[in-house]
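Based on the sequences and whatever the hints tell you, model everything.
Chain order of the listed sequences is R and W. Taking the working numbering, the leading residue of the first sequence gets 79, the next gets one more, and so forth. Taking the working numbering, the leading residue of the second sequence gets 1224, the next gets one more, and so forth.
Keep in mind that the hints were calculated from the coordinates and are not lab data.
Lysine-lysine pairs mimicking DSS-like chemistry, simulated, CA-CA at most 30 Å apart:
id, chain 1, residue 1, chain 2, residue 2
1, W, Lys-1531, W, Lys-1570
2, W, Lys-1382, W, Lys-1314
3, W, Lys-1570, W, Lys-1469
4, W, Lys-1538, R, Lys-348
5, W, Lys-1592, R, Lys-348
6, W, Lys-1473, W, Lys-1531
7, W, Lys-1592, W, Lys-1538
8, R, Lys-348, W, Lys-1570
9, W, Lys-1538, W, Lys-1570
Simulated coverage check for chain W against chain R, where a stretch passes if three residues somewhere in it have a Cβ under 8 Å from a Cβ of chain R:
id, stretch
10, 1552-1563
11, 1616-1628
Just the calculated beta-carbon pair ranges, DEER-fashion:
id, chain 1, residue 1, chain 2, residue 2, range
12, R, His-302, W, Gly-1628, 29 to 35 Å
13, R, Leu-138, W, Leu-1559, 22 to 28 Å
14, W, Gly-1275, R, Tyr-434, 43 to 49 Å
As the structure is a computational prediction, the values presented were derived from the model and not from experiment. Note that beta-carbon positions come from the ideal geometry of N, C-alpha and C, so glycine has one too.
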Amino acid sequence: MRLLTRVRDWLDERIHWADLIAPLKKKTVPAHGLSYWYFLGGITLFLFGIQVCTGILLLLYYRPGANEAFESVQYVMTRVQFGWLVRSIHSWAANLMILTAFAHMFSVIFFRAYRKPRELTWLSGMVLLFLALGFGFSGYLLPWNTLAFFATKVGTEITGQVPGIGHHLMVFLRGGEEVTGATLTRFFGFHVAVLPGLTTLFILIHLALVQYFGMSVPPGVEEHWKASPGEARQMKFFPNFFLRELMAWYIALGVLGALAAILPWELGTKADPFAPAPAGIRPEWYFMFMFQTLKKTPAKIAFLDGEVVGILLFGVAGLVWTLLPFFDQAGKGRGRKLFMGAAIFALVYIVAMTVYGCMAK
Amino acid sequence: MDAWRNSGISSARLLLLALLLCGGRACAQNTCLDCHGALDPPLQVTEQQFTGDIHAQKGLTCASCHGGDPTKPDMEAMSKAAKFRGKIERKEVPALCGRCHSDAAFMRQYNPSLHTDQLSQYKTSAHGKLFAEGDTKVAVCVDCHGVHGLRPASDPRSKVHPLNIWQTCAHCHADAAYMTGYSIPTDQFAKYSASVHHDALVVRGDLSAPTCSTCHGNHGAAPPGVDTVQHVCSTCHVFQDQMFEKSTHKVAFQSAGLPGCVVCHSNHGITHPTDEKLGAGPQSVCLQCHTAGDTCDQQRATMLNGLKQLDDAVKAADNVLGVAESSGMEVSQARLDQDQARDALTKARVTIHSFKTELVEQDIREGLKVAVRNLQAGQAALAERDYRRKGLGLALVFILVTVLGLFLYIRQIEREVPKS
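Okay, structure coming up:
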């Protein structure tokens, strides 16, 4: 303890450490029955940190290239000490991170935490969600196995259907007309350089905004506190909230470890670009609702191509969703109910189509 | 049989019908189709049949076989002056087809790689020999290839496409009434339909699998002789033939006048061979000739035990690797190596045809070595899985204790300094 005190004094003497952490000491978090929903953002951040660490370890062995990628991952899984654990944790953490990011997003929606003045926090969060999906899409191909190869082929083909820029976008993503080794190195570049850089930037922006505006209080609680100011309660961020968050991280770590040890992430078989596409090609579960919708869309809607219509609708829905704070009116009444109804419908639709897509043969 | 085969419709009747339908008006360039397209079978030749026919596609016309002049209207097209031949009699068919198909120089213009020995082969066939004796019931070219609408053998719609040949042959050979007088069985097709070859060809769609013509020949179709049946089988089953060639059975079968492979495997109704054939049970083929307990029977039992041992070892390794794989363990290399063990088992089963115990045991030893190694790899993967689960258990206990400690600590500090 004396050493810690000396280090703190040393830092304080030079960079005024005490002044720097003073806001943190003063920071409080609203304490109410729904406070545990605040942990979701922190868990997502924790899982991102896990992925950065495991990703760096995987980078020591991974070799991007159509002739080497699969073998290098196989080597990690079978020969490298605890390589199987690192890779499985990396993959499971990626999936759990997207799950917690979605849960965080819906909690923000249902507690209307995006409302003024937190519109920018919502926007930066949506950018982070899209970046997480980008991580998932680019990372899925990296082991260069059959399922990932054909899923990427289908995924980039769908991108190619976007009117106007679709083909150019597809060629940009693939690094050519087909999914080849060039696509793999490109996706690798996105996955380990472009996306981490952007994500770190947006995480900093998101955290700064959360710090600046503080945690949002759910409207029902807020009204209650306004009516009875004596019942409004806050807890100190440090150590009270921080230790609770730490508990949540530990539990997340336990779940992650259990999944990695009991259900190690499969490697599958090496991709063969000349082989016919096997049955049951499907994207990762978080793209499933879109994939399944497009699969069930009629070939023609009026005189338009069904798939193009589907993609356009998802594009418009994604844009509306991103700009949600600007559409939601603070007032009560029918508009609010309609708004919440649409959010519930979106949640039910995403869950139902994901389950349907995963169960469908 | 097909109506046209024994049709008694005369050329004169055909001419009369053509005249009535054309009615003296100027017909199109191929005036034959103008009338025959509208006639009822067997005189009917539709535009679709004609244009689908390989001969028409190569530029030949009705007149190439039937004579006449299709550019002329009405009866002039079928006049003697135009060398109209009318219906081709069955006895004339092989020679008529052979007129072009045996002419290498002529055929080279259309398909240089096409054989031109069909007619000479036909003359050596069972069909051709009977035909030469005046039997017109036997198959001639058109029975197998069709007429008017004839397609190349590579066309799946052709009667002689590999997938269709067995049905084409069955048309006559499975017809007991039609085959009366030929003293050959008519159950070949029933047997073939249940055979491993039929399964490969028709069910699995393997066009290289044998059909009638693979063993009997096509234009020179004849039953393989007792002495040569082994050579027929060996065109595909090369290694089995090599083994059998060196075996004591080769000489024994020859001296007893037994038809090689057929003795144990039968001919048309060849089923998937199992190790039971080498057993002493009802499916045993060895004990059809050998006596139980004799030296050969003891060797049989040794070979069978070896096969069973390897088969069990492969299955045991498969089982353990399957469990390891479903537990999420990476055992793809051992899975791949299992193919080597399976190959060794297949090789040992092939080596059985040598009837030499030491050769079979050599293959079995090779296979066992690989299967045992893979079994050990599977067991090591399962041990690793258990180790991981123990590690997980320890980690979870540590996490649980930490979470509990944090929970108690939070309670303690909040009891000391309550929330604002």
